[in-house]
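**Student:** Spelled out from the first residue to the last, the chains are:
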Amino acid sequence: MNGYGGNILRVNLTTGKIAKEPTPPELARDFLGGRGFGAYFLFQEVPQGADPLGPENKLIISSGPLSGLLIPGAGKCDFACKSPLTGGYAGASLGGHLTAEIKYAGLDSIILEGISPKPVYLFIDDDRIELRDAASLWGKGAITVEKALKDQLGEEFQIACVGPGAENGVRYAHINHDYGRQAGRGGVGTVMGAKKVKALAIRGTRAIPVADLDAYRRAARNLYDACKQSELLKPWQNLGTTMVVSWCDEVGALPTRNFSAGSFEGGKTLYGPVMREQIVVTDKGCFGCPSPCGKYSRTKRYGTNVEGPEYETIGMIGSNLGIANIEDVAQINFLCDEWGVDTISAGGAIAWAMECYEKGILTKAETGGLDLKFGNVEAVLTLIPQIAKREGLGALLAEGTRRAARALGKGSEKFAIEVKGMEQSAYATHSATAMLLAYMTADVGAHHNRAWAITYDLQVGRELVNADKVARVIWLQHIRPMFDTLGACRLQWVELNIDLELYPPALAAITGVERSWRDLELVSERIWNLTRMYWVREVPGFGRAWDMPPQRFYAEPPKTGVTAGKITSLDDVNKLLDLYYEQRGWDANGLPKPETLKRLGLDKLVA
Amino acid sequence: MLRLYAESAKCSGCRACLVACSLNLFQENNPKKAALAILAHFPTPGTYEVKVCTQCGECAAVCPTGAIKQNARGAYYVDFAECTLCEACVPVCPENVMFVRAELAPAAWKCDLCGDCVAVCGTDVLRIGEIEAKA
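Protein chains in written order, with the numbering used here: chain S, 1 to 607; chain R, 1 to 135.
No lab work stands behind these hints: they were computed from the structure.
Pairs of lysine-lysine, DSS-like flavour, derived with a Cα cap of 25 Å: (1) R/Lys51 to S/Lys228; (2) S/Lys118 to S/Lys17; (3) R/Lys10 to S/Lys234; (4) S/Lys118 to S/Lys20; (5) S/Lys150 to R/Lys51; (6) S/Lys196 to S/Lys389; (7) S/Lys150 to R/Lys32; (8) S/Lys20 to R/Lys32; (9) S/Lys359 to S/Lys414; (10) S/Lys147 to S/Lys196; (11) S/Lys147 to R/Lys51; (12) S/Lys150 to S/Lys196; (13) S/Lys300 to S/Lys147; (14) S/Lys150 to R/Lys10; (15) S/Lys469 to S/Lys593; (16) S/Lys389 to S/Lys373; (17) S/Lys228 to R/Lys10; (18) S/Lys566 to S/Lys268; (19) S/Lys373 to S/Lys410; (20) S/Lys566 to S/Lys414; (21) R/Lys69 to R/Lys51; (22) R/Lys10 to S/Lys147; (23) S/Lys300 to R/Lys10; (24) S/Lys196 to S/Lys20; (25) S/Lys359 to S/Lys410; (26) S/Lys469 to S/Lys575; (27) S/Lys147 to R/Lys32.
Coverage of chain R stretches by chain S, computed from C-beta distances (three or more under 8 Å per stretch; other residues unrestricted): (28) 15 to 21; (29) 27 to 38; (30) 44 to 56.
Example chain S residues on the side facing chain R (calculated, C-beta under 7 Å, incomplete): (31) Ile143; (32) Tyr179; (33) Leu213; (34) Cys227; (35) Lys228; (36) Gly288; (37) Pro292; (38) Tyr296; (39) Asn305.
Built from N, CA and C at the ideal position, the CB exists for glycine as well.
Throw the hints in and build the complete structure from the sequences for me.
**Tutor:** Written out as structure tokens, the structure reads:
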């Protein structure tokens, strides 16, 4: 099948059975690949009520039809499973080079099923596929394991692996690849760890077939030319995602001390240019990327190397913890990578604990003697391994903010900054209604990847609540995840401002099927409704209450910074949801209406 | 005389150049069949090293069948029909960018200076220029 590896690989870890089946053409037609394949297999194959950490859950690893081809940033890999953090849909995106290698090995998705009786790693060298003993790797850090496997197998192998956090069931453990790229959110690493799979090691040496080679090469060149001609290329290459640290600080969107404010008095020492000058060693790109956002760094104070920190990490474990030194942030980032936990959720959980401590809800006896004030770097450096090992206070924080707050009680639920059980990523949304709605409705919980609407808020009026704004969020929720479906990066469009219309000719030349953006948006809408129906199926009573933001964003205006005194009203929050449900064809409780499911061809699948 | 130059410090390891190269040489999407190489030195020191053909001609000098010829651009290339996979060219290449992998292709391959890698490199690592006299 043109544009595809051509096979789905199933690995039953319980029995050790490994089997390939051809990728169904109708699956490619209706769900395209990547995130679409992940959502489909999850809904179809993981039984209702499955324990996220049990043998019935599956980890579905999918490339897309653009992955591994000459397309800017064609290195996006989708990881889907039932989330141990939220109990609903988890879909995490990984950059780097793994997804290209999956395609070169003749695969589209790898589905890990069951639970291995002992630690293993999955070895794939084209058609040679084996489960190998991983006893000597178990317990080791993710960066250490990647290096060990590369040394043993050779540089051509691409590695994805988990750290001790995943082995120990931290609910937001990640999957590491390429020394610092992660499938970070929702506990996809936790599921891999529960399955006793320490790593994947993949090499493929096959060519990916395309429908029209000449048209593909022309379309590819047009995409690269557009990127290289963009005047936004050089500044983006220089700073990557850290470009927005100063902007967020200036507009009141930089999460500060558990999102109690959106501007940080120590922010300037975290800005992109400071980091570039002080610690960045190398620019680091994903597969085929002309505009590498990855900044690989070395800290002088700690003597460690780390990819990043990128913006989300700077926000969540820098300003949100009251930490103002980029070397400290980089070191905490390194510990999260090596120990195998998501920097965003870890930052959110620790910020919550710091607020509890400062308010006297958590005592020094409960923190194991840690003086858990905002800004205490040593305390955070101590806590990351504790979380990964589930020791001391780490055992509570490893559960994620929502569970931790429910366990602690005493009013601490009010400052658990999460939606659907997922910690909010690094945009403060006291006064940015489109971004607030994006977090409320993202299909994994409070993550920015589905709709990054904060610049739009600033453009049209940050407090504005109307149908156009809601329509913009929905449009973003269709366009941006489409890139994760196709297996390529969205940032050439978002950050270099290249024309979206450059993609359909490339996709058509590769797959042999003409699709307009309107067609692609329809596929995205189908996937969006399927993930919604997954929540409906898995979470008893699921509905509107799950889309509500943390109280902080409608009841507690910041006391400092440029958004001081500003807050969205609860009425406006509800108005946002009413408009959103109406435009999506969902009922007042946020459930897709039967006619919506029918229009999208999902009625039989979800019946 | 022209050759390809690489400034490794600017490389971000994306491998677009490798895919562009395999598309030119073999009309295939397959970076394992590229005529330049990126060596990744991670996690320490965290740098990439790009190896490219200098068009020194050592490979052509030792080829027993005369399969390595010069094209209109003055670049040495492998005439696939005349290569016997004897591998004599591989050890003499000073940059390790003379490739023989019988499981992947029925002939040796090397850079023919098509320039497609330069066209897709977003960080200006690669350029084609006159061969500079050795100091």
